[in-house]
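First to last, the sequence lines map onto chains B and S. Residue numbers for the first sequence follow the working numbering, beginning at 3 and rising by one. Residue numbers for the second sequence follow the working numbering, beginning at 31 and rising by one.
Calculated directly from the structure, the hints in this document are not laboratory data. Every residue, glycine too, gets a C-beta built ideally from N, C-alpha and C. Any given hint might turn out to be false.
Covered by chain S, per the in silico footprint, the following chain B stretches (three or more residues, Cβ under 8 Å) [unchecked claim]:
no., region
1, 20-32
2, 77-89
3, 122-130
4, 180-186
5, 191-197
6, 220-228
7, 273-283
Pairs of lysine to any residue residues, derived as SDA-like cross-links and limited to a Cα-Cα distance of at most 25 Å, are as follows [said to hold, decoys possible]:
no., chain 1, residue 1, chain 2, residue 2
8, S, K275, B, V233
9, B, K271, S, K314
10, S, K275, S, K353
11, S, K275, S, K416
12, S, K275, B, E200
13, B, K98, B, L74
14, S, K320, B, D136
15, S, K275, S, L351
16, S, K275, B, A144
17, B, K235, S, I298
18, S, K314, S, I298
19, B, K164, B, G97
20, B, K78, B, S94
21, B, K235, S, R239
22, B, K278, S, S367
23, B, K278, B, E215
24, S, K275, B, L74
25, B, K87, S, L302
26, S, K353, S, A384
Listed below are the residues making up each chain.
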Amino acid sequence: MSWESPRDVASDLEAVGYLTDSRIAQIVFLADRLNKPILAEGPAGVGKTALSLAIAEARGRRLVRLQCYEGLDEAKALYEWNYHKQLLRLQSDEGKSWDELEGDIFTDDFLLSRPLLDAIRSPQPVVLLIDEVDRVEVETEALLLEVLDAFQVTIPELGTIKAVSQPLVVLTSNNTRELSEALKRRCLYLHIPYPSVERERAILRSRVPDLPEVMGDRIAETVAAIRKIAVRKPPSISESIDWARTLLALGIEDLDSASAGDTLNVLLKYQSDIDKVATELSLDADAADSAAGAIAGIG
Amino acid sequence: MIRSLTGFVAELREIGLPVSMVEVMDAADAIRHVDLSDPDALRGALGATLVKNGRHYRAFDTAFEVYFGLRGPLGGDDEQASDADAAPPGGGGGEGVGDDELLDGLVEALTSGDRDRFLELIRRAVDRLGGIEPGRPVGGRYYYHRVMRRLGAVRLNEALLAAVREQPAEDALLRRLEADKAGRMADEVRDEVRREILRRLIADRGVERVAETMRLPLVEDIDLMHATRDELESIERTIAPLARKLATRLSRRRKHGSKGRLDVRRTIRRSLAHGGALLEPQFKPPRRSKPELVILCDVSGSMATFARFTLQLTHAISSELSKVRSFVFIDGLDEVSDFFRSNADFHESVARVAVEADIVRRDGHSDYGRSLCEFTEKYLDAITPKTTVIVTGDARNNYRETGIGYLEEISGRARSLFWLNPEVHRYWDTGDSVMSVYAAACDTVDQVRTLRQLEAFVERAALPATRPVRRSV
Chain B
3 MSWESPRDVA SDLEAVGYLT DSRIAQIVFL ADRLNKPILA EGPAGVGKTA LSLAIAEARG
63 RRLVRLQCYE GLDEAKALYE WNYHKQLLRL QSDEGKSWDE LEGDIFTDDF LLSRPLLDAI
123 RSPQPVVLLI DEVDRVEVET EALLLEVLDA FQVTIPELGT IKAVSQPLVV LTSNNTRELS
183 EALKRRCLYL HIPYPSVERE RAILRSRVPD LPEVMGDRIA ETVAAIRKIA VRKPPSISES
243 IDWARTLLAL GIEDLDSASA GDTLNVLLKY QSDIDKVATE LSLDADAADS AAGAIAGIG
Chain S
31 MIRSLTGFVA ELREIGLPVS MVEVMDAADA IRHVDLSDPD ALRGALGATL VKNGRHYRAF
91 DTAFEVYFGL RGPLGGDDEQ ASDADAAPPG GGGGEGVGDD ELLDGLVEAL TSGDRDRFLE
151 LIRRAVDRLG GIEPGRPVGG RYYYHRVMRR LGAVRLNEAL LAAVREQPAE DALLRRLEAD
211 KAGRMADEVR DEVRREILRR LIADRGVERV AETMRLPLVE DIDLMHATRD ELESIERTIA
271 PLARKLATRL SRRRKHGSKG RLDVRRTIRR SLAHGGALLE PQFKPPRRSK PELVILCDVS
331 GSMATFARFT LQLTHAISSE LSKVRSFVFI DGLDEVSDFF RSNADFHESV ARVAVEADIV
391 RRDGHSDYGR SLCEFTEKYL DAITPKTTVI VTGDARNNYR ETGIGYLEEI SGRARSLFWL
451 NPEVHRYWDT GDSVMSVYAA ACDTVDQVRT LRQLEAFVER AALPATRPVR RSV
């Protein structure tokens with residue numbers, strides 16, 4: 003089963019609750035056709051990780067996830083030899099010749115698969131998510147290159163293991179640093195910015211179905227206005243969904259300065275940001291301070 | 031198709047995008063799977079394979095529109111053009127007849143979402159108001175401003191606002207949202223007018239010529255000394271990764287991959303798991319030096335735009351490294367580290383620097399000698415053998431004492447001293463610039479006028495191989 007057109011991609015992903023735009027659908031389609039990894043870059047909380055989850059769900063594939071962090075190494079990303087098991091084996095086999103033993107302990111039985119090898123060896127095709135790849139050091143990126151390029155892993159003792167099935171790879175990056183040219187060259191680049199007002203409205207509608215239409219419009223527009231102000235942490239999509247749910251739970255049917263000011267702390271996570279937005283949009287600044295109490299009261 | 035692709039790639043490279051051979055082949059491969067009649071699909075495919083950096087998208091989009099997006103339906107336009115030209119007799123110059131009608135039509139088409147009518151009206155507006163003369167060598171921007179002026183940008187905004195606002199809203203937030211919505215619609219008109227003019231210019235002059243006039247500099251090539259406000263904002267958005275890179279460069283381990291010393295205690299503890307055999311040696315994590323950074327910024331009038339940029343850099347670095355001390359000077363010097371603590375909002379910090387920093391002693395013209403003197407008197411203990419010092423300034427000293435002795439003293443105590451000069455290299459040492467005097471005390475002096483040059487400096491600055499050995503005092 004393979005996608006026939008970007009439109010198929012869009013409708014399949016929408017069926018599992020992920021609203022694409024034409025560019026995202028196009029690039030997912032191409033990645034599937036060309037067997038190339040997708041490098042999704044953009045601000046936090048615009049649905050980069052969610053995209054790979056949605057692809058996995060839409061295609062009925064298993065998701066293998068490698069969370070990157072500073073200090074990630076081969077043993078945690080690719081494979082590791084199971085020393086303890088090897089040692090036990092050596093002890094139980096005392097008396098055998100060295101050649102026999104060596105061939106014995108460097109086999110599949112003693113290999114611990116880590117996410118990358120796991121994705122390569124899976125008999126069913128998987129979706130491989132390499133999350134926040136900008137967190138590893140530039141040098142560690144090189145680990146990924148062989149996998150991304152040829153879908154294979156070379157283990158000195160065993161030789162090269164080629165992919166049994168073609169995994170669909172998604173890398174995400176929050177753009178805290180430039181990724182190396184070598185990595186970028188191997189990927190299809192997908193920049194996901196904050197959504198347009200129309201798309202955000204559609205997302206709100208699908209995620210919070212009870213939300214009155216007029217509220218959806220206003221929330222999407224207000225969030226867009228806030229993102230234009232230079233705040234430290236602009237609201238992400240998930241935060242605007244949270245905001246919509248909060249307003250719904252509070253029974254607010256008409257978003258205005260007072261109710262927006264009251265609930266601003268759902269959307270913004272720094273007091274300085276809250277103050278700034280309250281002044282810029284001339285919201286009720288005093289209300290913003292007491293907002294925490296109001297939310298807590300609702301439970 | 032291959033020919034347009036290579037032409038397009040050549041244009042991207044001309045703008046400064048790094049497009050490799052492999053990527054071009056990927057693009058050619060991707061195009062085979064794309065419905066070529068759909069410009070958006072083509073744009074997606076080319077964008078994903080050729081552009082690997084979010085901040086290059088704007089330049090890519092412009093080039094794409096010129097090369098692929100705007101070719102095509104021109105045939106039908108000519109008839110319409112003659113229709114429209116015939117309609118207002120003698121309305122060649124000044125405010126054309128029937129502009130209000132055009133404006134109202136545009137507003138109505140936008141609010142009702144009638145895309146076809148909207149496009150048609152835009153075409154008519156450009157016909158009637160642009161007065162495009164084939165072959166006349168003026169840029170697209172000239173025609174664009176002409177159309178927008180005659181259409182009446184202010185009136186357009188007002189009309190849109192009036193149309194969006196069904197009943198006048200009392201609430202401040204709602205008023206703001208309405209204004210934003212009208213603003214978005216006005217942007218749509220502007221974009222479409224720009225595209226329409228481009229389309230005609232392309233038909234007139236051919237793709238390559240138009241692409242040349244439309245070329246936008248990439249963010250990293252914008253001249254920091256003369257950046258516009260918009261450009262400064264886009265620079266501000268890209269500076270955080272660079273600051274982070276500088277921070278990691280400075281704190282880099284001296285040798286890569288070395289694991290540090292053997293951790294005897296942990297090795298023995300681990301060995302108990304397999305009967306006391308020392309199977310897995312454990313290493314202590316390598317010690318990273320905690321870098322200290324001292325930044326001295328010239329914020330005098332001649333440096334205004336650049337100073338804003340250096341303060342931005344200071345702000346970004348302060349949130350990456352814990353030990354950053356920053357100073358600003360004109361003809362006096364003051365510490366501003368506290369304004370830039372990682373939680374501070376940048377714009378607030380700059381405002382505080384402008385108001386609170388005590389840096390004018392006499393006439394408000396740069397005096398490097400006096401500033402350096404003040405630094406060595408008050409803050410010399412900020413500099414230790416672990417400190418990297420960065421001075422930013424044009425070294426234009428208004429013919430005053432250079433105070434080179436103070437700079438040498440700073441340099442002698444510090445791990446390294448870098449000077450960033452925003453002036454073009456060939457102007458150094460002309461007039462009142464005393465760059466070469468100061469250069470003698472610096473490890474390096476770099477011309478930094480663009481983000482690209484700054485990045486090159488960051489790449490070079492703290493590499494272990496080139497890290498200068500500390501000179502003896």
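Here is how each hint holds up against the structure:
Beta-carbon proximity to chain S at under 8 Å applies to 6 residues in the region 20-32 of chain B; the threshold of 3 is reached and the given coverage holds. Given as covered by chain S, the region 77-89 of chain B passes the check, having 3 residues with a CB less than 8 Å from a CB of that chain where 3 are the minimum. A count of 0 residues in the region 122-130 of chain B with a Cβ less than 8 Å from any Cβ of chain S is obtained; the coverage claim is therefore unmet, three being the minimum. Using a Cβ-Cβ cut-off of 8 Å, 3 residues of the region 180-186 of chain B lie near chain S, which meets the minimum of three, so the contact claim holds.
With 4 residues carrying a beta carbon less than 8 Å from a beta carbon of chain S, the region 191-197 of chain B meets the three-residue requirement, and the given coverage holds. As drawn, the region 220-228 of chain B meets chain S at 5 residues by the rule of a beta-carbon pair under 8 Å; at three or more, the given contact holds. Note: the region 273-283 of chain B has 3 residues with beta-carbon separation from chain S under 8 Å; the three-residue rule is met and the coverage holds. Note on K275/S and V233/B: the hinted pairing holds, with a Cα-Cα distance of about 23 Å set against a maximum of 25 Å.
Note on K271/B and K314/S: the hinted pairing is violated, with a Cα-Cα distance of about 37 Å set against a maximum of 25 Å. The straight-line distance between the Cα atoms of K275/S and K353/S is roughly 16 Å, inside the 25 Å bound, and the hint therefore holds. In summary, the hint linking K275/S to K416/S is supported, as the alpha carbons are separated by about 18 Å, within the 25 Å threshold. As the CA atoms of K275/S and E200/B are separated by approximately 36 Å, the hinted pair breaks the 25 Å bound.
For the hint linking K98/B to L74/B, the alpha-carbon distance of about 37 Å lies beyond 25 Å, and the restraint is violated. Between K320/S and D136/B the CA atoms are separated by roughly 22 Å; this keeps the pair inside 25 Å, and the hint holds. The suggested pairing of K275/S with L351/S holds, with an alpha-carbon distance near 11 Å, which does not exceed 25 Å. The hinted pair formed by K275/S and A144/B meets the criterion: a straight-line CA distance of about 18 Å does not exceed 25 Å.
Taken as a hint, the K235/B and I298/S pair is broken in the structure, with Cα atoms around 47 Å apart against an allowance of 25 Å. This hinted pair checks out: K314/S and I298/S have alpha carbons roughly 13 Å apart, not beyond 25 Å. Taking the CA atoms of K164/B and G97/B, the gap is near 35 Å; set against the 25 Å cutoff, the hint is violated. For the hint linking K78/B to S94/B, the alpha-carbon distance of about 28 Å lies beyond 25 Å, and the restraint is violated.
This hinted pair does not check out: K235/B and R239/S have alpha carbons roughly 42 Å apart, beyond 25 Å. The hinted pair formed by K278/B and S367/S meets the criterion: a straight-line CA distance of about 23 Å does not exceed 25 Å. Using a Cα cut-off of 25 Å, the hinted pair K278/B and E215/B is violated, with the two alpha carbons roughly 28 Å apart. With a CA separation close to 19 Å, the supplied pair K275/S and L74/B stays within the 25 Å bound.
Our distance criterion of 25 Å between C-alpha atoms is met by K87/B and L302/S, whose separation comes to about 14 Å. Under the criterion of a C-alpha separation no larger than 25 Å, the hint pairing K353/S with A384/S is consistent with the structure, at around 23 Å.
Of the numbered hints stated above, those contradicted by the structure are hints 3, 9, 12, 13, 17, 19, 20, 21 and 23, listed in ascending order.
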